[in-house]
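Go ahead and model the full structure; you've got the sequences and the hints to work with.
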Amino acid sequence: MKALVIGGGGSKGAFAVGVLKFIHQNIQPIDTFDIYSGTSTGSLISPLALLGEMDLLEEIYTTTRNEDVLNKHSVGRILTDISIHDATPLLRLIERNLTAARSARIMASLKQLYLSAVSLQTQELVHFATRDTASTASYRIEKITTPTELQRAMLASSCQPIYMQPIDVFQRGKEQFCDGGVRENTPLQVAVENGATEIIAISMGPKVGQSVFSSSFLTKATAILGFTIDTFSTDVGQNDYRLPTFVAEVNQYLATVKSQLAANGVSPSVIAESFVTATNPISSKPLLKLHEIRPDINLSSDEFGGEGGLLFDPVKMRMMMTMGFDMAKRHFSGLVPAGPSL
Amino acid sequence: MKKNALLLLLFAAVLRASGQDFNEKWVVPLEFSQGFSKAPSSPELYIGQLSVSPQFKLVDKRLRAGITVGGFITSGQVYGVGGPRLALKIAKLGKIFTADAGNLHLSADYLSGTHKQQLLGGGFHADLAELLILSLNYRRDLHYRANWFQVGIAYHLYREKIPATIQSNPTDVR
Chain S
1 MKALVIGGGG SKGAFAVGVL KFIHQNIQPI DTFDIYSGTS TGSLISPLAL LGEMDLLEEI
61 YTTTRNEDVL NKHSVGRILT DISIHDATPL LRLIERNLTA ARSARIMASL KQLYLSAVSL
121 QTQELVHFAT RDTASTASYR IEKITTPTEL QRAMLASSCQ PIYMQPIDVF QRGKEQFCDG
181 GVRENTPLQV AVENGATEII AISMGPKVGQ SVFSSSFLTK ATAILGFTID TFSTDVGQND
241 YRLPTFVAEV NQYLATVKSQ LAANGVSPSV IAESFVTATN PISSKPLLKL HEIRPDINLS
301 SDEFGGEGGL LFDPVKMRMM MTMGFDMAKR HFSGLVPAGP SL
Chain R
1 MKKNALLLLL FAAVLRASGQ DFNEKWVVPL EFSQGFSKAP SSPELYIGQL SVSPQFKLVD
61 KRLRAGITVG GFITSGQVYG VGGPRLALKI AKLGKIFTAD AGNLHLSADY LSGTHKQQLL
121 GGGFHADLAE LLILSLNYRR DLHYRANWFQ VGIAYHLYRE KIPATIQSNP TDVR
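Residue numbers (the UniProt record's numbering), protein chains in the order written: chain S, 1 to 342; chain R, 1 to 174.
Hints may be right or wrong, so weigh each one.
Unchecked claim - Calculated pairs, DSS-like style, for lysine-lysine (alpha carbon to alpha carbon, straight line, at most 27 Å):
#1 S:K220 with R:K95
#2 R:K61 with S:K316
#3 S:K289 with S:K329
#4 S:K316 with R:K161
#5 S:K316 with S:K207
#6 S:K316 with S:K289
#7 R:K116 with R:K57
#8 S:K174 with R:K161
#9 R:K25 with R:K61
Hints in this document: simulated from the structure, not taken from any laboratory.
Treat the numbers as computed from the prediction; the structure is a model and nothing was measured.
Here's what the structure looks like:
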């Protein structure tokens, strides 16, 4: 089973769309994955990728402007309102593009779609899913059954706390949800747990060592708070890959051991019995290959997507899309080795 | 020539000043200001003024129009005052994270008093994070030929709240 996992990053999602464009044209059509998992901007991209709407994705991520996403306000709103900005335009953008017909096709699809968010009431990582899936100790699954719930789940997954208001996805007045990136920026785990053997993961943050928050001394508390938030979110983004990378490495190691045993005359049934036991912690996680595709520079500067990816400028988004296309080309042509040593 | 250059500079500043506020449909600042008026051959007179200025958005992130209604006290007498008002955003203040810290705007008004006052003038205002507005106002009383100078502080008595719940489009097929 192949999975497409797309992380968060606001307007930096243009980078992910560039990656998808290369994949669609050169690797495989983007609607041929078995599992789609997204957070934040990845939640906006994933449903349309599932439908193979490459042209629409390219159009959205090269024409959207600030006012199409947020009614922006001043920082004082933090003292008087539920958030600084208002994300109502984003829901309208989703509603215009994820039409009833498209939503119906997603709901009827046999492919697995997961959109991640965090519950403000329970602090749980929640994946909104279109298919029946079991919850685990690490996350809760909430099944969505209507186009409106799908649209609202996409919105909830995108609403960065404090900047945008939390969303009552089911409109029951019981639970609010915010951006899944608070707990898992690139939602790999749900794909691993649900049987993915190969994952193409797209993250919008640079790798460790490539992220430079500031080259000058920080002299203001707000700048240091910004540094703190950026460090937390960078850490979340890096942690997302640790377990899936380890699982893939262990599975590859076990595959090598099995083939060596077979080469030395051990019967296949003995090998199978030896490795399939109740105590095998990764028996239900067959992941073998993880492609990690990221930009090699920090896209959070005002030159690109701005802090939190909240700067929607078509010119800059086109640049990021081109960067994504080129990065995917380098990755798949072997010029840049895949993240984990697979 | 200088006047044209000044207007050009102001226009350029306004174009750059779109920023993130001045986009509410309605705002109602409540302003307390005090200062003095000076007429020829008269002593300076203290003026304390309380007014509300409901304004609606005329041009998004640029221009508001509305009225000012209030009262002022001077020489131990209380008078009413009211009239039309325009407010033009000319600059945004710096950013804190992704949000503007506020804006600078100019106002122009023509206020009629209950004792024949005819005040024409305006003010320079610093809206700090959509919380407080600090003002510097000058008006000319055309009837009594007096100059009014006031400094003020205003609080947004009303402005649109950010909706706590975003409603789905009711035309959506469920």
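Structure-based check of each hint:
1. Proximity of K220 (chain S) to K95 (chain R) is assessed by CA-CA distance (about 13 Å); at most 27 Å being required, the pair is judged to hold.
2. At most 27 Å may separate the alpha-carbon atoms for a hinted pair to count; K61 (chain R) and K316 (chain S) meet this at roughly 23 Å.
3. Restraint check for K289 (chain S) and K329 (chain S): the C-alpha separation of about 18 Å stays at or below 27 Å, so the hint holds.
4. With a CA separation close to 31 Å, the supplied pair K316 (chain S) and K161 (chain R) exceeds the 27 Å bound.
5. Between K316 (chain S) and K207 (chain S) the CA atoms are separated by roughly 21 Å; this keeps the pair inside 27 Å, and the hint holds.
6. Taking the CA atoms of K316 (chain S) and K289 (chain S), the gap is near 32 Å; set against the 27 Å cutoff, the hint is violated.
7. The suggested pairing of K116 (chain R) with K57 (chain R) is violated, with an alpha-carbon distance near 30 Å, which exceeds 27 Å.
8. Between K174 (chain S) and K161 (chain R), the direct Cα distance comes to roughly 22 Å. Compliance with the 27 Å bound is thereby established for this hinted pair.
9. Under the criterion of a C-alpha separation no larger than 27 Å, the hint pairing K25 (chain R) with K61 (chain R) is consistent with the structure, at around 10 Å.
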